[in-house]
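Peer 1: Required output: the full structure, derived from the provided sequences and hints.
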Amino acid sequence: MSKLYSGAEIVFKCLEDQNVSHIFGYPGGAVLPIYDELKNFNSIKHILVRHEQGAGHAAEGYARSSGKPGVLLVTSGPGATNAVTALTDAYMDSIPLVCITGQVPTHLIGTDAFQECDTTGITRPCTKHNWLVKDVNDLAEIMHKAFEVATTGRPGPVLVDIPKDIQFQKTKYKNFKKNKKLNGKSHDNFSQKNIDELIKLISRAKKPIFYTGGGVINSGPKASELLRELVYATGFPITSTLQGLGCFPADDNQFLGMLGMHGTYEANNAMYSCDLMINVGARFDDRITGKIDEFSPKSKKVHIDIDPSSINKNVKVDLPIVGDIKSVLTSTIKTLKKSKKNFSKSNKHQISNWWEKIQKWRSKRSLDYIGSEETIKPQYAIERLYELTKDKDTYITTEVGQHQMWAAQHYKFNKPNRWMTSGGLGTMGYGLPAAVGVQVAHPKKLVIDIAGEASVLMTMQEMSTAVQYSLPIKIFILNNEYMGMVRQWQELLHDKNYSESYTAALPDFVKMAEAYGCMGIRAKSPEELDDKIVQMLETDGPVIFDCLVDKQENCFPMIPSGKPHNQMLLGPKDQEEKKITGKGRALV
Amino acid sequence: MVNSKSAYSVAGKKQRNDTHIIVVWVDNEAGVLARVVGLFSGRGYNIESLAVAEVDQKQNISRITIVTTGTPQVIDQIKLQLKKLVPVHKVADFKREDKNVIFKEMALFKFVANNKKLISALNACRNYNPVVLDQTKKSQVIQITALRREIDKMSKNLTKFGLVSVSRTGAVAMTRGSEIFK
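Protein sequences appear in the order of chains A and B.
Once you know that position 283 of the first sequence is 283 in our numbering, the rest is easy, because the numbers rise by one and skip nothing.
Once you know that position 78 of the second sequence is 78 in our numbering, the rest is easy, because the numbers rise by one and skip nothing.
Treat the hints as calculated values from the structure; they're not laboratory data.
It is possible that part of the hints are untrue.
[Said to hold, decoys possible] Below, computed lysine to aspartate or glutamate pairings styled on EDC-like, alpha-carbon distance capped at 20 angstroms:
{"#": "1", "chain 1": "A", "residue 1": "K313", "chain 2": "B", "residue 2": "D93"}
{"#": "2", "chain 1": "B", "residue 1": "K83", "chain 2": "A", "residue 2": "E148"}
{"#": "3", "chain 1": "A", "residue 1": "K145", "chain 2": "B", "residue 2": "E29"}
{"#": "4", "chain 1": "A", "residue 1": "K313", "chain 2": "B", "residue 2": "D18"}
{"#": "5", "chain 1": "B", "residue 1": "K13", "chain 2": "A", "residue 2": "E294"}
{"#": "6", "chain 1": "B", "residue 1": "K13", "chain 2": "A", "residue 2": "D293"}
{"#": "7", "chain 1": "B", "residue 1": "K79", "chain 2": "A", "residue 2": "D188"}
{"#": "8", "chain 1": "B", "residue 1": "K84", "chain 2": "A", "residue 2": "D188"}
{"#": "9", "chain 1": "A", "residue 1": "K145", "chain 2": "B", "residue 2": "D27"}
{"#": "10", "chain 1": "A", "residue 1": "K316", "chain 2": "B", "residue 2": "D18"}
[To be verified] Covered stretches of chain B (chain A as the covering partner; in silico rule of three or more C-beta atoms under 8 angstroms from a C-beta of chain A):
{"#": "11", "stretch": "20 to 34"}
{"#": "12", "stretch": "104 to 110"}
The structure displayed is predicted, hence computed values, not measured ones.
No residue lacks a Cβ here, since even glycine has one placed at the ideal position from N, Cα and C.
Peer 2: Structural data, given as structure tokens:
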């Protein structure tokens, strides 16, 4: 007779078979049998967080930076509800997560037992799928199915809810063989005809643009390579969404920068005026499109996406191509090479007017800001951070707000999986725990959380996690004492009624760092900034960097409410035609 | 810029709404109806009526029939979003006007009245396959099958014959002819 395993053991057998090396979690009554087994499975390392939301974001950071699914283990009731924000965040940004929750014993379900909640009910709208395990004989199959659902098609979070009695019960375990073609609900549903049509559009376009998104990152590093190959082979300009940054080198001349609400002037104007838009793995989010009725009115639109429900959801497209970016790009490049040799050369003349126009928009230099000698401009801080870290293979996470947009605008990403930010849900407090997860996945790499002081306070307790596991994450806080983006909207849209957006009693971040047992550094003026950043980079352990920046600075350019792409609000420099002279210019 | 108070976009042009019947084949497992219905409420789609029952005991397949209204874009989304649910096998979509599809709803009417009125009530139902399920001296229960609007009309017209209670199902649908939906 084959050996019998408890439900708790089976959980770990499944994790082993799925090659899981790290889980993020927090113990509690309903998961204790699983925690009992932890010591018997050496290949799986548990990272103890300080709050279940932190476990979720850490798992997200881990998943985004490594391409592997992130796993979290939390208890019933509050453990599960605390994880809901992270699950929703992962759902919005298509991050593969497997969340294992404990549940009260089966016979107590529905009795309002201690730490009971309807976990599968609560998480139904924020997971791709979830399961309540009612029979230990189903456990292994459900666990493996959970990994399959999380990682195939458009990735996303799943949840497996395991009652405590199921964790104790015993059954057999059959070793799992990974099916090579685990396609589940994935949809490679395009034909050569689609590709031929795309090539036809590409060869006719006079004002083309690539608009790329997080789908390219999710399709794996190979997809980014293929994208580069296609973009170079066509000579077309390319812009990227917030989530797509890094899949094309930001310092390349063909890259127009990020588009959308805080995107560059050239990217948004090119989107508005183009005659062919090739959307690769982006989803026409409302922060990207602005006013839908006037979104890129004259263009033919191609949409390449793995999720059929993304097609025509917000914007009607002319040529939908449903499939994995990697396979679509492979076919496209192959067909282009076969039918049009040296396309970029032969096509150069056809799109030369378009490039001239783009250069004109570019010359507006929409990301410029007015420098200062007295106070640190937040944009300047990020520029310096970039200059001082660009030679290292740096991983950046962010919180949500102005600092996030400045990071996206001024930090130049050249590789995929190096940029972890909460885009869809916009979760303040994402960056610090995400940095923990990234550092766990890449122990030797430099991991920086570009943060705002308001956001970082939401999950500050995870500093304790970083110290416990000697994770040398760097928390780079752009401290303006305001919820900056709220303040900016209030200034520009709500008649300067700064209602509750100022934090009057902030902690001393340097002392706070010391209290957590790590290094705290403060920078107050532009002249000391470089030295302080270098000091941060030279510190072995975790660092909280309190960078005191200009309190009134706004994030420009900006597409104001209900406006199309061609009606952008540019920065103060453009509005007032201020001339910067002398030393100030050096800081711009 | 001056007039606006929001950085969110404004609603675009409204399109015409159509009524569609969506048929979904699902695994008959705990919570599956909640998944389907939750998708509708969560994304703001309408449900006019809903009928669900297991149709294949061997394979545990249930058939859910949902009558909904929406713009063509919304109807498309409903289908695509439904197909993404793990327990969903297939999704069919019919326009209410579709001549190749049979739609039927069932209703139970209870009448409390004198004999004369009860006879008139049964008489009034004669076009809709009436079946008398229960009869006493003072009351009767009649089952009819008909289209939604016919039942709507009937329940209004029958009050004068002593109609006191109405119970009705959601619409169920099936294609005409020998073809089945794959």
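Peer 1: Each of the hints needs a verdict: does it hold here or not?
Peer 2: Tested hints:
1. A:K313 with B:D93: Since the Cα atoms of K313 of chain A and D93 of chain B sit roughly 18 angstroms apart, the hinted pair holds (cutoff 20 angstroms).
2. B:K83 with A:E148: holds, 17 angstroms
3. A:K145 with B:E29: holds, 16 angstroms
4. A:K313 with B:D18: Cα-Cα ~17 angstroms, so holds.
5. B:K13 with A:E294: holds, 11 angstroms
6. B:K13 with A:D293: Holds: K13 of chain B and D293 of chain A sit about 7 angstroms apart, inside 20 angstroms.
7. B:K79 with A:D188: holds, 18 angstroms
8. B:K84 with A:D188: holds, 14 angstroms
9. A:K145 with B:D27: Holds: K145 of chain A and D27 of chain B sit about 15 angstroms apart, inside 20 angstroms.
10. A:K316 with B:D18: holds, 18 angstroms
11. 20 to 34: With 3 residues close enough to chain A, the hint holds.
12. 104 to 110: Coverage by chain A is violated for the stretch 104 to 110 of chain B (0 residues, Cβ < 8 angstroms).
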